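Chemist: Hints given; two lone chains; assemble the complex.
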Amino acid sequence: MASVSIKLPDIGEGVTQAEVVEWMVGVGDRIEEDAPLLAVMTDKATVEIPSLCAGTVTWVAGEVGDVIAIGAEVVRIESDGAAGQPEPGIGDSPAGVPSPSAAAPAKSAAAASDAKAAESSSPPAMPLRSPVAPLGIGAPRAEGWPVLASPSVRARARAGGIDLRQVAGSGPGGRISHADLDAVFAVAGARTSAGPAWGRSTSAPGARTATKEIKVIGLRRKIAERMTLANSRIPHITVIEEIDVTALEDLREKLNAGRGDRPKLTVLPFVTAALARAFVDHPGINAHFDDEGGTVMQHAAVHLGIATMTDTGLVVPVIRHAEALGLFDAAAEIARLAEAARTGKAGREELSGSTFTVTSLGPLGAVATTPIINHPEVAILGINKMAVRPMWDGARFQPRKMMNISASFDHRVIDGWDAAVFVQKLKTLLETPALIFVSERP
Amino acid sequence: MKTETCKLLVLGAGPGGYVCAIRAAQLSVDTVVVEAEKPGGTCLNVGCIPSKALIHAADEFTRARSFEGENELGIRGSAPTIDLARTVAWKDGIVKRLTGGVAGLIGKAGARYVNGFATIVDGKTVRIEMDGEPVLIRAENVVVATGSKPLELPFLPFGGKVISSTQALSLPEVPGRLVVVGAGYIGLEIGMAMAKLGSAVTFVEAGPRILPQYDEELTRPVRKRMAELGITLHLSARAQGLDADDDRLVVDTPDGKIELAADTILVAVGRAPASVGFGLESLGLGMDGPFVAIDDRCATTMRGVFAIGDVTGDPMLAHRAMAQGSLVAEIVAGQDRCWDKRAIPAVCFTDPELVVVGQLPVTDGAGNAKTAAFPFQANGRAMTMERAGGFVRVVFDPRTELVLGIQAVGAGVAEMAGQFAMALEMAATLTDIAETIHAHPTLGETVQEAALKGLGRALHA
Numbered sequence: 001m002a003s004v005s006i007k008l009p010d011i012g013e014g015v016t017q018a019e020v021v022e023w024m025v026g027v028g029d030r031i032e033e034d035a036p037l038l039a040v041m042t043d044k045a046t047v048e049i050p051s052l053c054a055g056t057v058t059w060v061a062g063e064v065g066d067v068i069a070i071g072a073e074v075v076r077i078e079s080d081g082a083a084g085q086p087e088p089g090i091g092d093s094p095a096g097v098p099s100p101s102a103a104a105p106a107k108s109a110a111a112a113s114d115a116k117a118a119e120s121s122s123p124p125a126m127p128l129r130s131p132v133a134p135l136g137i138g139a140p141r142a143e144g145w146p147v148l149a150s151p152s153v154r155a156r157a158r159a160g161g162i163d164l165r166q167v168a169g170s171g172p173g174g175r176i177s178h179a180d181l182d183a184v185f186a187v188a189g190a191r192t193s194a195g196p197a198w199g200r201s202t203s204a205p206g207a208r209t210a211t212k213e214i215k216v217i218g219l220r221r222k223i224a225e226r227m228t229l230a231n232s233r234i235p236h237i238t239v240i241e242e243i244d245v246t247a248l249e250d251l252r253e254k255l256n257a258g259r260g261d262r263p264k265l266t267v268l269p270f271v272t273a274a275l276a277r278a279f280v281d282h283p284g285i286n287a288h289f290d291d292e293g294g295t296v297m298q299h300a301a302v303h304l305g306i307a308t309m310t311d312t313g314l315v316v317p318v319i320r321h322a323e324a325l326g327l328f329d330a331a332a333e334i335a336r337l338a339e340a341a342r343t344g345k346a347g348r349e350e351l352s353g354s355t356f357t358v359t360s361l362g363p364l365g366a367v368a369t370t371p372i373i374n375h376p377e378v379a380i381l382g383i384n385k386m387a388v389r390p391m392w393d394g395a396r397f398q399p400r401k402m403m404n405i406s407a408s409f410d411h412r413v414i415d416g417w418d419a420a421v422f423v424q425k426l427k428t429l430l431e432t433p434a435l436i437f438v439s440e441r442p
Numbered sequence: 443m444k445t446e447t448c449k450l451l452v453l454g455a456g457p458g459g460y461v462c463a464i465r466a467a468q469l470s471v472d473t474v475v476v477e478a479e480k481p482g483g484t485c486l487n488v489g490c491i492p493s494k495a496l497i498h499a500a501d502e503f504t505r506a507r508s509f510e511g512e513n514e515l516g517i518r519g520s521a522p523t524i525d526l527a528r529t530v531a532w533k534d535g536i537v538k539r540l541t542g543g544v545a546g547l548i549g550k551a552g553a554r555y556v557n558g559f560a561t562i563v564d565g566k567t568v569r570i571e572m573d574g575e576p577v578l579i580r581a582e583n584v585v586v587a588t589g590s591k592p593l594e595l596p597f598l599p600f601g602g603k604v605i606s607s608t609q610a611l612s613l614p615e616v617p618g619r620l621v622v623v624g625a626g627y628i629g630l631e632i633g634m635a636m637a638k639l640g641s642a643v644t645f646v647e648a649g650p651r652i653l654p655q656y657d658e659e660l661t662r663p664v665r666k667r668m669a670e671l672g673i674t675l676h677l678s679a680r681a682q683g684l685d686a687d688d689d690r691l692v693v694d695t696p697d698g699k700i701e702l703a704a705d706t707i708l709v710a711v712g713r714a715p716a717s718v719g720f721g722l723e724s725l726g727l728g729m730d731g732p733f734v735a736i737d738d739r740c741a742t743t744m745r746g747v748f749a750i751g752d753v754t755g756d757p758m759l760a761h762r763a764m765a766q767g768s769l770v771a772e773i774v775a776g777q778d779r780c781w782d783k784r785a786i787p788a789v790c791f792t793d794p795e796l797v798v799v800g801q802l803p804v805t806d807g808a809g810n811a812k813t814a815a816f817p818f819q820a821n822g823r824a825m826t827m828e829r830a831g832g833f834v835r836v837v838f839d840p841r842t843e844l845v846l847g848i849q850a851v852g853a854g855v856a857e858m859a860g861q862f863a864m865a866l867e868m869a870a871t872l873t874d875i876a877e878t879i880h881a882h883p884t885l886g887e888t889v890q891e892a893a894l895k896g897l898g899r900a901l902h903a
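Protein chains in written order, with the numbering used here: chain A, 1 to 442; chain B, 443 to 903.
Same shape as in the complex, but just chain B (with noise of 0.2 angstroms):
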């Protein structure tokens, strides 16, 4: 069998991994990156790109049939018709584009790019199945950033008419009736878009609130959404199986056992490691519950092994992988690195987009943060783009005006991502905010108003 060497191999090519190559090639660290599918990962494949894309068409499609009837901007429109085949192929040649271009930009930087599937062997050798003959790789330093994939029920396998989010990015036709379990992020954002595109959608949450990890006051302007296109939301509700005919989803609520007609069952509710399987098991790396085990560096409990993205654990997030192969890659290049982010920045694509940034305002009453928020209702931007719900809130120290958290629920704020990151991450004040000259007539105007509001002088208020 032939064998190779590098300083740095990195199994899987998704965020995390392709990242990490690209920034350690960029150190001239003999890197190669190997991935069984197509690189970019869940993100660019079947996550984050092609759900924005089929979002993206979906709000295409209820503006244009906004205008069908009788409307304030007096834009008189005939009834449109969606061909979801159509979208699809076009959501695929944008996925396409982007994965190429992840190839791309590993090569030009100087990594080694293997299509193939790799088993590890051990901590430093790893078998590489590909066509023709099988290659064996040797490394000094191995990344395990092979991602994770959709959490099957045991009781609601896959097939047939229960999907998984992957499959639901590439539904050949707008399902007639579309039960989705699992009201977080991925449950909504694809449940909210396919009720756009026509589909009658009931949701079956288990907790007692959507996106139950956010507090109610933020993902209320959600859950009004929800009711406007006419979703139906079962909460504290238990989705049991489906029933004998293999046809109605039975579902356990509090007011009684009920059964969902559905022509497409959507199991959203949360995603596994891809942890096992390629040999990983038999290095005996510490465990976090399902996942692996890291220190501040990245590293497992085996040196030379380091591991990033979603196989670590939550928030399975392609930007937290990011940073982390951005990371690995430094130290792997001698650098003295380690984790000290103040904030991962977390986005729901959801109608409204919802951003989430640091501290949530405490509700148990034992903390000091306060919080100041400040609406979209009162921001001219806002109303000229007809979507005036929602809000921009900070939580923050009362004695010391610093910054701990920033949130946003409204129409296209996940754009202010960035900037309540940044926030953060330069331990900026409410005085820092608020004496930053916010453009107007913007969106953004309203994190400056609700910095002012914390201080006790909103001028729009």
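Looking at chain A on its own, in the form it has when it is part of the complex (with noise of 0.2 angstroms):
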């Protein structure tokens, strides 16, 4: 049995000292070599150090919360390697290296250490293993030795973003080649999400310097126009109001239960009705204003826009006469119109006259939007995405289904206060769903 000390590695360029943040280990433990025995962050990264050999756990440094110093023992392991020599610890220089200048790769440590076991005729010690390998991608060099790489090699690295100090080094003395970088960027390009640790940076390396011009053309122009003459004229006011939908989603999921062969019902359909029921109430948010005619026109007609993301860009089909259809048959509208925008089949009535629009982006929907009115309308409503939240209910939190929506208003021809209970009105009626089916008329 051998004790292996194992010591807080370098692990990054500036970083003095690091958190414990995670044990994965305690004393007494069995620990396989590269298992981590603990996390610690910088304020650069965390990073897992791993086990440099088999062997049970003796001592631990610290608990979560402790701040460790670079260099400093962190475990201390009993090998299940033979008997012989301490090893030396993971970041310490190998005694009679010459510093500063001294260059030599931790292999040759290990073989130093090696011809030392074997002067006391013990069998050679286990490999040196990384104590860095968060990417897997070799050995860095212990502590104190040089970094040593090509200028070009430097230069590559530092516009990459890589600290050359956390790269292993294939050629001779360690030193880091092209091929060795090519191996860094490949790794760090299959890793898409949290930060490499070698960088200095969080970002993916390899700075991208390309720039693609497009030109604004067809639809995209058209929808660059409508946004830029919306945005510029309407002066918008966004409410943005929260919706249980629990009562909603029980109902619209029992409907869908016994929906035989009629479309499956989506929470749009019941937002087109509730809309449809609310404006009964406000025929102000249902209308047109016509800015240079100085004429606001309400429609008791509700011509409801969808924006439809399409491959080609936004469209906006319209399902006519909303106030007349039922759930399923809106539901039925609402799936054909789409399918015809999306492949490009929708005619050009079925692509104007809305009098109100919807916007919303399903799952993607956010928390809360700022939707943007479509002129010459005066408002237009955004359907943010569901989630289960706890709700206080006097006496206890209960898991909600709730939605959030954001409601735009031309606050040239509506004040706050009745979008405000425009908005009031419709979170009652999608919170109580059976008062949207409930007649207008006493």
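Mixed in with the good hints there might be a few duds.
With beta-carbon atoms standing in for the labels, derived distance ranges [claimed, not checked]:
no.: 1; chain 1: B; residue 1: G552; chain 2: A; residue 2: V187; range: 40 to 48 angstroms
no.: 2; chain 1: B; residue 1: G542; chain 2: A; residue 2: V216; range: 48 to 56 angstroms
no.: 3; chain 1: A; residue 1: K345; chain 2: B; residue 2: G552; range: 53 to 61 angstroms
no.: 4; chain 1: B; residue 1: R745; chain 2: A; residue 2: D34; range: 52 to 60 angstroms
no.: 5; chain 1: B; residue 1: G535; chain 2: A; residue 2: V187; range: 56 to 64 angstroms
no.: 6; chain 1: B; residue 1: R745; chain 2: A; residue 2: A210; range: 28 to 36 angstroms
no.: 7; chain 1: A; residue 1: K215; chain 2: B; residue 2: R745; range: 40 to 48 angstroms
no.: 8; chain 1: B; residue 1: F559; chain 2: A; residue 2: S170; range: 35 to 43 angstroms
no.: 9; chain 1: A; residue 1: H178; chain 2: B; residue 2: T826; range: 54 to 62 angstroms
no.: 10; chain 1: B; residue 1: K449; chain 2: A; residue 2: R348; range: 35 to 43 angstroms
A few chain B residues that face chain A, going by a derived Cβ cut-off under 8 angstroms, partial list only [stated by the list, open to error]:
no.: 11; residue: D778
no.: 12; residue: D839
no.: 13; residue: E843
no.: 14; residue: L844
no.: 15; residue: M868
no.: 16; residue: A869
no.: 17; residue: T871
Calculated from the structure, these hints are not laboratory results.
These figures come from a predicted structure and were not determined experimentally.
Just so it is clear, CB atoms sit at the ideal spot from N, CA and C, and this is done for glycine as well.
Modeler: In structure tokens, the structure reads:
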């Protein structure tokens, strides 16, 4: 048995200490070679420190939250290896090496240790392993060893945000070649998340310098013009409200369960119905504002534009007379229009004449959005994503299905008060869906 | 007062300053460089270049003189003479061409060159006195590249027959008796040249050896050549000052006090940073002894203030300042750079020349570095040049073959400095050098042979 001391390796440029954030082992634990011992966090990254050998942990340094200096002993392991000299701690400069210009790879250090071990008629010690191998790219040099690389390799590493001290060199004396760097870039390229432990920056290495020019033409240009018009002419006011859609979802589930061969109901038909119902009390919302003529035209008919993403861009097919459609009819019409829009088969009459627009990004709907009004309409409703959230019911937190809505209004013709009252009306209708279907005529 | 602004203001257009300005301008940084004297700094005006011109003239003169009498080449010539004033005029012509060239390069790159005396007002503002109205320049970044000047001994101030290296390069005639205080590379370069031009030269060196920062083996050929040139050398000797008549130099030697008669006394005991007299003190920058302290990005302790070159300390070498200047320019342009050089070559244009790159042989026995040397005596080219003295020496780590340092002493070895530095910077091993074909017949073959020797398989030894 040999006692192996594992020290906190140099884990990044300018890093002098690191905080223990997790212990994967405790005293008495058996561990395998390369198994993680602990995780430490610097201001740059969290790094797992793997074991250099298989064995039993005999000592650990400190608790989670303790700050440990680079080079300090963190774990002692009674290794399974054969008896012999105590291994040099990783992070030690092997004795007898002239510093600071000493230059030899860890390999040689191991060889030197081997030689020493052989003199005392002991079997060779276990090979030294990488003290930091967060990405399995080989062993960086022990602390104190110089980083050897040609100026062009250094420049390339610098440009790519790679700290060469964390890169293993395959050349003589641990010299880092372009090929070694290629390997690092390849690994880094394969990892799209989590900052590389060796890098200075957390972004993926490899500065990108290309600039691609794309002409804004066709539908894109049309969208650009309409958005410019809407955003420059209309002073928007956006109201965001959260809706408890638990009841609505229950209802939707039951209706879908018994739908037979009718189309599956999404939330949108309910929103459509709720809007059609709300407009009865708030006719000023379902309107067009002819700002040049100075006239607001309130529409009795609800022609609901549904903002739809297609391969070529945003289009808004229109559900005509949404107020006259049942839930399943609306669902069928929405599905038909969406399909027509996506395949480019939507006719002109299907893409124009809306009196109010709904925009929804489904699961991408975010917590809140600031929708831009579809000129000359006076309002737009954005549907945000649904999520189960803990809600306080007065006694305890309850898991509720919550969904936000973000509605923008043309502030020239709709006051904030009216906007808020309308949103509250929608909230009431969506939270108690039965109200949607109560006749508006007493 | 007129006020201008720029992103980068460089104080001093020496090798560090002008390279910094050119590189910054290349990177589209709005740059102003201010110089109180002529562009090129010590290097071009009163250092590297003029001293090399003088050394060349001295060598040519020596060669011509060698043909006066019987010689192996069978060349017969008549007794040459030298008109030093004309030599100096020739040297001045070269200096003028080069300084003019630097000014042109600065302008061509797109930096503004201002001839005037800069005084630091604060870390971002500098007042420049020049012909006409003074100008106030506000800069986002300031680079102190003010260089150094010859160090004066308090008991032997410059004036009269006591001169600095600057005056030594513009003497109207060859002094009959020249005493050089300091046997460092500046004193040796000028002193040996003067000896070749006909001066009776005596050196007074406080240390036990010439070029005390290098090892004895490396400097031995220089010492041998000094003896051949009839130069007198007093080691472990301290100049005390002039005698009562301000005539002879009083020197304390291990054998007692002596007085040296001299027509001219050159004091070459080192160089002092030019860090006072222009408001630098007012910034309260962190100092490293007399030098401005910098980090590995050449940044001083004040944000936006950088320092490069001699003002930041040893080694006071033009090429170090140039590399620092380039580095700072790139940092100011937004690049992520830091000083990561493995080696700064040093060259002494003594006779023979001396090149030192990287680690010297470990003499205390503590290290594992090994040494392999190959003499020019075994080099055909050296023989055909009649200069077969000296050697090339490689210091390496025997476990990895990694080259840790290369030194050479010999005629013409200065030109090998680039190869040595490249070997170090590329992290070359003995095999890398040994397996590179070196052209025959050249002096450079000795480098390959030294590497082969380190591998235990020299061919010509």
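Chemist: All hints, please: hold or fail.
Modeler: Here is how each hint holds up against the structure:
At roughly 41 angstroms, the beta-carbon separation of G552(B) and V187(A) lies within the given 40 to 48 angstroms, and the hint holds. For the pair G542(B) and V216(A), the supplied restraint of 48 to 56 angstroms holds, since their beta-carbon distance comes to about 53 angstroms. For the hinted restraint 53 to 61 angstroms between K345(A) and G552(B), the CB-CB distance of approximately 59 angstroms keeps it satisfied. Restraint check, R745(B) to D34(A): a C-beta distance of roughly 44 angstroms breaks the suggested window 52 to 60 angstroms.
For the pair G535(B) and V187(A), the supplied restraint of 56 to 64 angstroms holds, since their beta-carbon distance comes to about 59 angstroms. Under the hint 28 to 36 angstroms, the C-beta atoms of R745(B) and A210(A), about 34 angstroms apart, fit the expected range. The hinted range of 40 to 48 angstroms is satisfied by K215(A) and R745(B), whose Cβ atoms lie roughly 44 angstroms apart. Hint check: F559(B) to S170(A), Cβ distance near 55 angstroms, so the stated range 35 to 43 angstroms is violated.
Taken as a hint, the range 54 to 62 angstroms is violated for the pair H178(A) and T826(B), whose Cβ atoms sit roughly 40 angstroms apart. Between K449(B) and R348(A), the C-beta spacing of about 56 angstroms breaks the proposed range 35 to 43 angstroms. Evaluation of the D778(B) hint against chain A yields a held restraint, the C-beta minimum of about 6 angstroms falling below 8 angstroms. Because the beta carbon of D839(B) sits about 5 angstroms from the nearest beta carbon in chain A, less than 8 angstroms, this interface hint is met.
Because the beta carbon of E843(B) sits about 6 angstroms from the nearest beta carbon in chain A, less than 8 angstroms, this interface hint is met. Checking L844(B) against chain A by beta carbon gives a least distance of about 4 angstroms; that is within 8 angstroms, so the hint holds. Against a cut-off of 8 angstroms between C-beta atoms, the interface hint on M868(B) holds, since the closest Cβ of chain A lies about 5 angstroms away. Against a cut-off of 8 angstroms between C-beta atoms, the interface hint on A869(B) holds, since the closest Cβ of chain A lies about 4 angstroms away.
Because the beta carbon of T871(B) sits about 5 angstroms from the nearest beta carbon in chain A, less than 8 angstroms, this interface hint is met.
Going through the hint list in order, the structure does not satisfy hints 4, 8, 9, 10.
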